[in-house]
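Chain by chain, the residues:
Number of protein chains: 6
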Amino acid sequence: MVYITRREHFNAAHRLFRPDYSDAENLREFGKCSNPNWHGHNYILFVTVKGDVNPDTGFVVNLKTLSQLIQERIIDKLDHKNINLEVDFMKGRLASTENLAIAIWGELEPSLHRIGGILHSVKIEETENNSVEYFGT
Amino acid sequence: MVYITRREHFNAAHRLFRPDYSDAENLREFGKCSNPNWHGHNYILFVTVKGDVNPDTGFVVNLKTLSQLIQERIIDKLDHKNINLEVDFMKGRLASTENLAIAIWGELEPSLHRIGGILHSVKIEETENNSVEYFGT
Amino acid sequence: MVYITRREHFNAAHRLFRPDYSDAENLREFGKCSNPNWHGHNYILFVTVKGDVNPDTGFVVNLKTLSQLIQERIIDKLDHKNINLEVDFMKGRLASTENLAIAIWGELEPSLHRIGGILHSVKIEETENNSVEYFGT
Amino acid sequence: MVYITRREHFNAAHRLFRPDYSDAENLREFGKCSNPNWHGHNYILFVTVKGDVNPDTGFVVNLKTLSQLIQERIIDKLDHKNINLEVDFMKGRLASTENLAIAIWGELEPSLHRIGGILHSVKIEETENNSVEYFGT
Amino acid sequence: MVYITRREHFNAAHRLFRPDYSDAENLREFGKCSNPNWHGHNYILFVTVKGDVNPDTGFVVNLKTLSQLIQERIIDKLDHKNINLEVDFMKGRLASTENLAIAIWGELEPSLHRIGGILHSVKIEETENNSVEYFGT
Amino acid sequence: MVYITRREHFNAAHRLFRPDYSDAENLREFGKCSNPNWHGHNYILFVTVKGDVNPDTGFVVNLKTLSQLIQERIIDKLDHKNINLEVDFMKGRLASTENLAIAIWGELEPSLHRIGGILHSVKIEETENNSVEYFGT
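Protein chains in written order, with numbering that gives the first Met the number 0: chain A, 0 to 136; chain Z, 0 to 136; chain F, 0 to 136; chain U, 0 to 136; chain S, 0 to 136; chain P, 0 to 136.
Hints should not be assumed to be uniformly reliable.
Each pair may be met inside one copy or between any two copies, as identical chains are not told apart.
[Said to hold, decoys possible] List of simulated lysine to any residue pairs, SDA-like, C-alpha gap at most 25 Å: (1) Lys49 with Ala23; (2) Lys63 with Leu26; (3) Lys90 with Glu24; (4) Lys49 with Asp19; (5) Lys31 with Thr56; (6) Lys122 with Phe45.
Derived from the structure by calculation, the hints contain no laboratory data.
Computed from a predicted structure; not experimentally measured.
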């Protein structure tokens, strides 16, 4: 079993807050990340897929196909978007990096069977100092 | 004359648009960067200061002092903020990286005399692929 | 279960040597890393914490709290210090990156219960070519 | 048990193709990577070794010894070479990054016993966006 | 005047050699870079354009337009190609990074007038340790 | 005229202090960088050389020759050393990055004539946030 990782990126706005909190309560809980006027990041996404090497191609999965799948299902919905307001798979969820990783797993995992690999992990670097990884369980 | 560079960063939301344009016109001119719901970036800021080396300290300027100055004048106003709505020195300007570099120069240049250096350049990396540098003229 | 990683850094001096060896013996065993006049590194520290996502906050643990904990327990004791001479939790240990990772685990693991996460790994990059990771067992 | 990782690199040419396919069939399967005139990469290799820390040295294995072993067994055979034509351990294999990681594992694993560590993983970054990791099974 | 830089990349094969030299002479002059079976790199290209900021757009030039121009004129001709055999603007030239930077300047400079900027520099990173920059004179 | 840059690195210990100051005075002037027990860095050195391209080789200067020259004159004297105590060309100078860049220029500039290039700049990154560049005047 071999693990391959594709790196993609998207630039998006977001805000950490709970709609049932006042701005003051959100500020106390989430600090400057709760700014009602939004802020944003250059998110870096690493998708790792595992599987046996196909002896006909030498590939676990074709990376071009994997990249297109991530582009259609994830990047096109997130890039230059507002994560809180415009991303269908984040509706009703707190826009934390943890929740984003779990949601991206949910979007990608069923599609990966189509191209013959098994999703191993979704990792997101929000900044050079902060990252989150999710393995599906 | 020696050149020293301090690297700082801030995460912010912005939107490229002209208020005298319709959303459709802004989309044609600025593409997905004109999204009315904002997007954002991890901006990296490089401030380069030049000067003679002070024989008493071995420094052009004290980098801790320089970092504090950039923090107070620039980072505190931009980090986790909306560049279009909340940054005093960007009011009324298109929130492009070019205009941001020029505005940061305007904020820093007079203050640098206070710490004994000469501002040489302001460079901003908006993404790993796009950057802007301004030398004051 | 989600894994979050916080990146911190410290600059320190150290020396690889055994006090029961002569300088010649230390040189044979540890090469130029045994220089009695010390050398140093920009160490990069990655602390990975795992846990369930708190539905109230969307966080495994609050990264600001995690960063402050690492700062107090680890960075304040190591940054701009001599690892062999000045770091309480390295007293009597060979100042290798392996031993440093194990010692940092020992300092952080009990404190993490306080903020509600489980320590998963401590990784240290000593140089861009050399790194060490410890998972606690 | 502690995990140490050594980073090395090599620059090489390769081509993805099957000799039993026509150029048109190879182009359909492998895209521009099948160019009969070759292309190339700056490959980055990460070798991770695990083991107990030797109390005499503070090391899992001596990184200088590990680096020399990787140099002799792997880098000297790949650097500034054509992977399809000149690398003994890739003869008869499709020159994919997956197969390269598996082959490097095969070359390194027996030799590591000599220096007292256990090979944990071989990771290759072909580009900043594409990487492969192999754990031996 | 503001300077903007666009980063692009291409993966290519090449060989340093003179056709009027024997393989032995080429080896003496160019070392392992003269390997007749080719080797390759992940080249990173930085194109810097200078100009006044257009008050209507906040741009020196539109970076999307600049990126497309570099793609058509440069990347499409170099990516996954053999620099010695397949690149029209390198025909008859030694495939050194110096000559590549000069040739790319020659390709881009006339086209830039079309999009309203002035070419300032072409920088190529061949490896993380080796780079070349050309300013047109 | 083309500019080529070679990147090298060295790991060293140092301390910022004046021998005519007390420890308290040094602490006030240089902060934690004055720690009498030393600290250290992974310094990254960029040496840029300019010149015409030699039509026989396609090179400004041979990068292997340049690298060897930097190794002998600079890296061998600094790597795994104490900059204050062990580096001949830093004797009697405050061990700031500014002074180090000037001293490295002084060591390299005369030697470069030997290999046919003109020294353009010496740049040192002390940390990822702090760097210094010197152009010889």
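How the hints compare with the structure:
1. Lys49 with Ala23: neither (45 Å within a copy, 29 Å between copies)
2. Lys63 with Leu26: between (42 Å within a copy, 13 Å between copies)
3. Lys90 with Glu24: For lysine 90 and glutamate 24, the Cα distance is within 25 Å only inside one copy (21 Å; across copies 29 Å).
4. Lys49 with Asp19: So lysine 49 and aspartate 19 fail the 25 Å test inside a copy (41 Å) and across (27 Å) alike.
5. Lys31 with Thr56: between (49 Å within a copy, 14 Å between copies)
6. Lys122 with Phe45: both (5 Å within a copy, 15 Å between copies)
Checked against the numbered hints listed earlier, the structure breaks hints 1 and 4; every other hint is satisfied.
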